[in-house]
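Asker: Chain order of the listed sequences is S and H.
Under my numbering, read the first sequence as residues 3 to 114, first letter to last.
Under my numbering, read the second sequence as residues 59 to 175, first letter to last.
The set of hints was computed from the structure by calculation and includes no laboratory data.
Treat the hints with caution; some may be incorrect.
Pairs of lysine-lysine residues, derived as BS3-like cross-links and limited to a Cα-Cα distance of at most 27 Å, are as follows [as the list claims (entries may be wrong)]:
1. K122/H x K72/H
2. K58/S x K79/S
3. K99/H x K79/S
4. K70/S x K54/S
5. K70/S x K58/S
6. K51/S x K70/S
7. K54/S x K79/S
8. K62/S x K79/S
9. K101/S x K51/S
10. K99/H x K72/H
11. K101/S x K124/H
12. K122/H x K78/H
13. K101/S x K122/H
14. K101/S x K62/S
15. K79/S x K51/S
16. K113/H x K101/S
17. K122/H x K99/H
18. K78/H x K101/S
19. K54/S x K101/S
20. K51/S x K62/S
21. K101/S x K72/H
22. K62/S x K99/H
23. K99/H x K51/S
24. K124/H x K72/H
Take a look at the letters that make up each chain.
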Amino acid sequence: GNSVTQMEGPVTLSEEAFLTINCTYTATGYPSLFWYVQYPGEGLQLLLKATKADDKGSNKGFEATYRKETTSFHLEKGSVQVSDSAVYFCALQNTGFQKLVFGTGTRLLVSP
Amino acid sequence: GAVVSQHPSRVICKSGTSVKIECRSLDFQATTMFWYRQFPKQSLMLMATSNEGSKATYEQGVEKDKFLINHASLTLSTLTVTSAHPEDSSFYICSATGGEAGANVLTFGAGSRLTVL
Chain S
3 GNSVTQMEGP VTLSEEAFLT INCTYTATGY PSLFWYVQYP GEGLQLLLKA TKADDKGSNK
63 GFEATYRKET TSFHLEKGSV QVSDSAVYFC ALQNTGFQKL VFGTGTRLLV SP
Chain H
59 GAVVSQHPSR VICKSGTSVK IECRSLDFQA TTMFWYRQFP KQSLMLMATS NEGSKATYEQ
119 GVEKDKFLIN HASLTLSTLT VTSAHPEDSS FYICSATGGE AGANVLTFGA GSRLTVL
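Here chain S stands alone, though its shape is the one from the complex:
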């Protein structure tokens, strides 16, 4: 079956630190991969996505590369800000289906 595994949080960083949130997946076929972000009191927002192997998704300074050989889609940012504090969800979507399979979410806390 399809599943997504994320590192447990919370991840606590100081402003301007480097961020990595690990995500690995198990899927049949060739899924699309996503990172969603949920700010306090708000709904999930699409942060970035990649639809095939070796694609790199990027947005707002965040990046993630679709690695088929390691079945991973790790989220990275070179310099985090306090405003990046949120919960980050990794997710996959199999081709032709609208359903998303989510990881457990990782809370990021960035202090000044």
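With chain S fixed as given, assemble chain H onto it according to the hints.
Answerer: Positioned in the frame of chain S, the structure of chain H alone reads:
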């Protein structure tokens, strides 16, 4: 951009009562809406998929009679938790597809936290 509104954001009810949660697409017509449930420190679990004007498709293990879903129009879907019990306490999130973003882009609501006493 596409916006999905959920109401109420928080609700507390007594055991045995029913609670209705609304999910509205504010600026687009949502051909499909999804309802998720999120337990603390766990991932979002898909409960059901609803298409306007037809019966919802429930995921395995989700009680249809407990969680009633109605998608009466292209902008509104409702989830009714019937005869709620403390174990139904959870965070319920809806999402919708459609509009300019297309059928495969999901827009999420902010979620509704249900507490059953």
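Asker: Decide, hint by hint, whether the structure agrees.
Answerer: Status of each hint after checking the structure:
1. K122/H x K72/H: It holds: about 21 Å lies between the C-alpha atoms, which stays within 27 Å.
2. K58/S x K79/S: 13 Å, holds
3. K99/H x K79/S: 23 Å, holds
4. K70/S x K54/S: Holds: K70/S and K54/S sit about 8 Å apart, inside 27 Å.
5. K70/S x K58/S: This hinted pair holds, its Cα atoms lying about 12 Å apart.
6. K51/S x K70/S: Holds: K51/S and K70/S sit about 14 Å apart, inside 27 Å.
7. K54/S x K79/S: Holds. K54/S to K79/S sits at ~21 Å (cutoff 27 Å).
8. K62/S x K79/S: 9 Å, holds
9. K101/S x K51/S: Since the Cα atoms of K101/S and K51/S sit roughly 15 Å apart, the hinted pair holds (cutoff 27 Å).
10. K99/H x K72/H: Roughly 25 Å separates the two Cα atoms, so the pair holds.
11. K101/S x K124/H: 22 Å, holds
12. K122/H x K78/H: 15 Å, holds
13. K101/S x K122/H: Within the cut-off at roughly 19 Å; holds.
14. K101/S x K62/S: 25 Å, holds
15. K79/S x K51/S: 15 Å, holds
16. K113/H x K101/S: 17 Å, holds
17. K122/H x K99/H: 25 Å, holds
18. K78/H x K101/S: 23 Å, holds
19. K54/S x K101/S: 17 Å, holds
20. K51/S x K62/S: Given pair K51/S, K62/S holds - Cα atoms ~13 Å apart, limit 27 Å.
21. K101/S x K72/H: 32 Å, violated
22. K62/S x K99/H: OK: K62/S and K99/H at ~26 Å, within 27 Å.
23. K99/H x K51/S: 23 Å, holds
24. K124/H x K72/H: 16 Å, holds
Hint 21 from the list above is the single one not met by this structure.
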